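Residues per chain are reported as follows:
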Amino acid sequence: MAMTIDRLSGVSKELMSESILLCPLGTAAAPEQKLLCIFGTGDLGRSLGQRLLQTGYRVIYGSRRPHSCGPLPQGAQAMDYEAAALSATLVFVCVHREHYDFLEALAPQLQGKVLVDVSNNIKKNLYPEANAEYLRRLIPGAHVVKAFNTLSAWSLQNGPSDANRQVYLCGNDAEAKQAVSEIATKLGFAVVDKGSLSAARELEDFPLQLFPEWRLPLRVAIGLTAFFFFYVVITDVVYAYVVQGKDNSFRIMVSLANKVCPIVSLIMLSLCYLPGVIAAFLQLYRGTKYRRFPDWLDRWMLCRKQLGLIALGFAFLHVLYTLVIPIRYYVRFKISEGTISQIRENRTSVFDSTTAWRADSYYSMGILGFGLYILLGISSLPSVTNALSWREFNFIQSKLGYLTVFFCTFHTYLYGWNRFLRPSSYKWYTPPAYFLSLVVPSVLIVLKLLLILPCVDRSLTRIRQGWERTSPEDGNKRALLM
Amino acid sequence: MAMTIDRLSGVSKELMSESILLCPLGTAAAPEQKLLCIFGTGDLGRSLGQRLLQTGYRVIYGSRRPHSCGPLPQGAQAMDYEAAALSATLVFVCVHREHYDFLEALAPQLQGKVLVDVSNNIKKNLYPEANAEYLRRLIPGAHVVKAFNTLSAWSLQNGPSDANRQVYLCGNDAEAKQAVSEIATKLGFAVVDKGSLSAARELEDFPLQLFPEWRLPLRVAIGLTAFFFFYVVITDVVYAYVVQGKDNSFRIMVSLANKVCPIVSLIMLSLCYLPGVIAAFLQLYRGTKYRRFPDWLDRWMLCRKQLGLIALGFAFLHVLYTLVIPIRYYVRFKISEGTISQIRENRTSVFDSTTAWRADSYYSMGILGFGLYILLGISSLPSVTNALSWREFNFIQSKLGYLTVFFCTFHTYLYGWNRFLRPSSYKWYTPPAYFLSLVVPSVLIVLKLLLILPCVDRSLTRIRQGWERTSPEDGNKRALLM
Amino acid sequence: MAMTIDRLSGVSKELMSESILLCPLGTAAAPEQKLLCIFGTGDLGRSLGQRLLQTGYRVIYGSRRPHSCGPLPQGAQAMDYEAAALSATLVFVCVHREHYDFLEALAPQLQGKVLVDVSNNIKKNLYPEANAEYLRRLIPGAHVVKAFNTLSAWSLQNGPSDANRQVYLCGNDAEAKQAVSEIATKLGFAVVDKGSLSAARELEDFPLQLFPEWRLPLRVAIGLTAFFFFYVVITDVVYAYVVQGKDNSFRIMVSLANKVCPIVSLIMLSLCYLPGVIAAFLQLYRGTKYRRFPDWLDRWMLCRKQLGLIALGFAFLHVLYTLVIPIRYYVRFKISEGTISQIRENRTSVFDSTTAWRADSYYSMGILGFGLYILLGISSLPSVTNALSWREFNFIQSKLGYLTVFFCTFHTYLYGWNRFLRPSSYKWYTPPAYFLSLVVPSVLIVLKLLLILPCVDRSLTRIRQGWERTSPEDGNKRALLM
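Protein chains in written order, with the working numbering: chain A, 10 to 491; chain B, 10 to 491; chain C, 10 to 491.
Note that these hints are calculated values from the structure, not bench results. Source: prediction; values computed, not measured. Among these hints, one or two may not hold up.
Said to hold, decoys possible - Below are the EDC-like pairs computed for lysine to aspartate or glutamate, each with C-alpha atoms no more than 20 Å apart in a straight line:
#, chain 1, residue 1, chain 2, residue 2
1, B, Lys343, A, Glu346
2, B, Lys255, A, Asp361
3, A, Lys343, C, Asp361
4, A, Lys132, C, Glu401
5, C, Lys133, B, Glu401
6, B, Lys132, B, Glu107
Using the sequences and the accompanying hints, generate a full structural model.
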């Protein structure tokens, strides 16, 4: 405590000149000060200890077998639990919940100390109460703080890396939380206080989640894929087999896959932009932006990014499937067959410039569309997104996004061309699959065109800037999101 | 203030043992302490308030209608402006500039307080003076600090994400700035002090910018694309129509696009490395690295990354346009036509091994070039760049960069092969387009080769390490950038 | 010092109300306080100074020629070394090691000051001792701290960017280190204390390293590429020349490249997952996870990411080489030749549905495999990795990883099909190359299948959760890494 006293007692010249060294934060962290205790010498305990030592803390491990607890980060010492508990005012509990019971015996030594519960469970709802709650029950005299559990041992050891910089903590005692948040800050993390210990359950479930925000979009993708796959199997393979009696089941592997991919991709891309348009119309209808959207719309809006990325994935497969066409045995066979038949029947096919135009524009649209697609994908990489100003991100995601939708839809229209006129396309009175894929994007484009009509656009902008048809006063509630 | 007093008065044992809890930073942020006020309950106000509450501050909202100001982050309370103003020493003004006028009435309550202006405008130069300046004019007695306006409400609510971690602030009062920067630090942001309030205008313009550093490169790209597009339209389509009287306008969609893309890509790639070479020669000529480059060169150097990425985009399109060739109606028609005519005229074409060599090397060079291209692109993703040590980044961008230029240029030479000898290539006495695209890269490669001559390289290295032909002393001014 | 004194003396009402402004951190950084000195006005000195000024410090430069030391960041002033040294308690030495000697004369002025050595060398082991050690020898009276040298002047000027947020420092004096780490923290960096000054050498070598973790994987890649290249050259080109006397050397550029790429890619992909499987078996055999792996396995494990990424690179080239096939002169020639001969000999080839099935599945597997490949690549981008929870990352890298291996291996089997039965495949009694490429992945898949047998999997999971066949107690040493 030497230095604190210094600071409180006389203010000597020397002290003044050394002010940099003696500034509070300085003393607060000068190694003499901070002695922390870690219970448990497992991977997590070691990683945490190593990082703490690197940051200038002193660390004492509490272990059942202090002398045979395996390699510890050098600089740290191990004691039995009692001694370790007494040594410090703050204890990290890096122990499996199953073994918490031994802590009960330490209640007296842990009286009034800060206990940091960093534990996680292997699966959700394994126990009636959160680990941290349980810990508090065991040692009522201590101030339990739940923290650090959302970090991997890896990032605990190596310090924060770009995305997972945040440490969530919760607890009932403000000072205890403050002490922990201070340590987290020194370790280079940004602290987010989630309130009282009752939030511990939520924090403990966090690391167990597996792509929650991807669930819905993936379900949609799988559903669409399954539906259209069976659709084309029936219209292409089964139909050919039943009606024309010829077996082209081999087409499943590439040809049909290459029908399903673009269809699903196009639909999901439009599903990614549709909610935005719906929201706009809702705001226009309500005349305000301050009323919450219905839950289904909220949920939909929240997974737009995922919808878009999955759509990109399917587009990518579509491109590969398309480019592989000319190498296919089937295609080569057909082509040479065609040539041969021409010779034998002594036909001469004439070059049709319109077909050339159509086919080439069709490919060109597809290529440009895919190019923009990729651009959207890149711009949604975390690091890229974060490097963009809000306005830039908005420009890419909306302007370029709709351009992509337009290109891809146009690409599909060119593919269909006048095919929809031929009755042969309607096998068993069902429209060709590409046809169905055009519904959603077409609707989307029409709605979007309505929205960019000057008159509509103007009132929408005003609403988005906080103006309300009901009461104009909230206007001043709107600033930066624009 | 309890704790501050503690800290100043007697130093009890208890205090000692709890030193962790009582360390200054601790007290500084112990919830009793920090009460902040937010004017305006709009999106931004709410987001900011929520984050402040999460980080352990207490928040009071000032609103015109404290009882009907919509949902507030729980934990916060709303008062009328007067009461709110009196409650805290620091006030965030989350209100549209248009509504600042009401603040004038609060001058007495805001006397001596810190006012944080977070506002932005919808477009640049909307008002004669910066919002913050205007605010200071309204309440001369308060210390106005401009801050947080460069962050989106989103990142204010969720805390800093990797790239946009920086909070810019400016103001005339050092202590006021310090108070704000302290809050920003606790929220997990890194503070950058931009000096006096006169910098406010600059800060307010920041979020309004739209890819400023991309402007120039995009203009160059568009210019080149337009020029070469018309060039090839004339030499390929118009010429064929006028001279040979045949209409192959359909070639515009793919064939010509696939001529323009690689040309623009190659030129822009070399434009991305040219300034570096020019700078090197300039330094050699001047015999020092301490004199500034001419502005045009500086500007050029600053947009190298963008030039390269746009070049990559065009290369990507070129690849797709090339791979799509064999599926094209036109190509298939030509091929089978060729085969048929062979049969009819009973010719047998002989396999030319040289052509095979040339064609395959041509493709191989292109593929390897594109591979490196992609590598350069990936390495310029923010998160990747930041993971590289300076030396590693330099290695990739220069060594691999020039290798890419070489491969792509060689690829183009192989494409041209001996075509430039045939008079037929010179339609209307103009050289073929690919020909023009070779000028810049060839020059670049020659210059680069000169630079890596041992003698030249040696003196350049010395200059780059700080040696000066004029005065050798500045040598010690050079350290880490090497 | 005004404010410090305030804080220590009486606690006036005014002080209370202004508590936010006067909180320690506040005073600690209030501009009056922090005066820092920088020796050397080179690029690094300027960059560092500018950033310090932006963050609210005052900066004085020490220069040999204070009046002609070129442009300094505005706000800073330059003095001769003596005056500068006296002005501050902390001095950044931004000078080339070669010029340290002049510092010896300043020993008296630097007595008791903190000297921050930020220097680096141009190559490793240039000097017997670390620059910082040398500095300490020169001025024994000062507290030397090595810091900031791992940052580029760029990031020193612009503040931390996502990945390189860490400042490594080392030194023998705790308070000196604390003072420096405090400055680093204010600049927005996360400090990692590497211990005593003896670590300086390590820190100085750090910026000089060039992809250390890529060395081994690249060597492996080059070795495999070379071996298989010669292998296919012999079996395809040389054999054809010697035995059949025909020269198809042109095939080297594309055909052979397209044999080598997939082979190397597949082998390296399996090499990327093999160590994990080996480790699992080792743990099963030892019955514990707490014993270190043999070094070779550790090193192997550490470069898995790099192995995978290089494999992806080769896969990418393989895809391009494959897609370019139908445009090749050779291929087109062969195809039309085939057609022609068919006509002439009046053969009619019949469509073989099985071949179609096989060929198409072969392509489909390849496409899906490559799609997953890309996904793995994307998920290993720093920013993406960091955005994933540990469980998510683990899911992608293991589950999807093995799926990729499976697809690609199956793809290769389909390619080979029954070819291995034909004696013609065994030129000079050597198996076809693709054959060799199947060994490693096949082994990997078999081993993996063994591991996911319920019984094996169960005991492995228990071991991974900390259970030990020898002593069960360490169980509680296991938490988050699962």
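Hint by hint, here is what the structure shows:
1. B/Lys343 <-> A/Glu346: holds, 16 Å
2. B/Lys255 <-> A/Asp361: holds, 13 Å
3. A/Lys343 <-> C/Asp361: holds, 12 Å
4. A/Lys132 <-> C/Glu401: holds, 14 Å
5. C/Lys133 <-> B/Glu401: Answer holds: C/Lys133 to B/Glu401 is near 15 Å, not above 20 Å.
6. B/Lys132 <-> B/Glu107: Holds, because 14 Å separates the two Cα atoms, which is no more than 20 Å.
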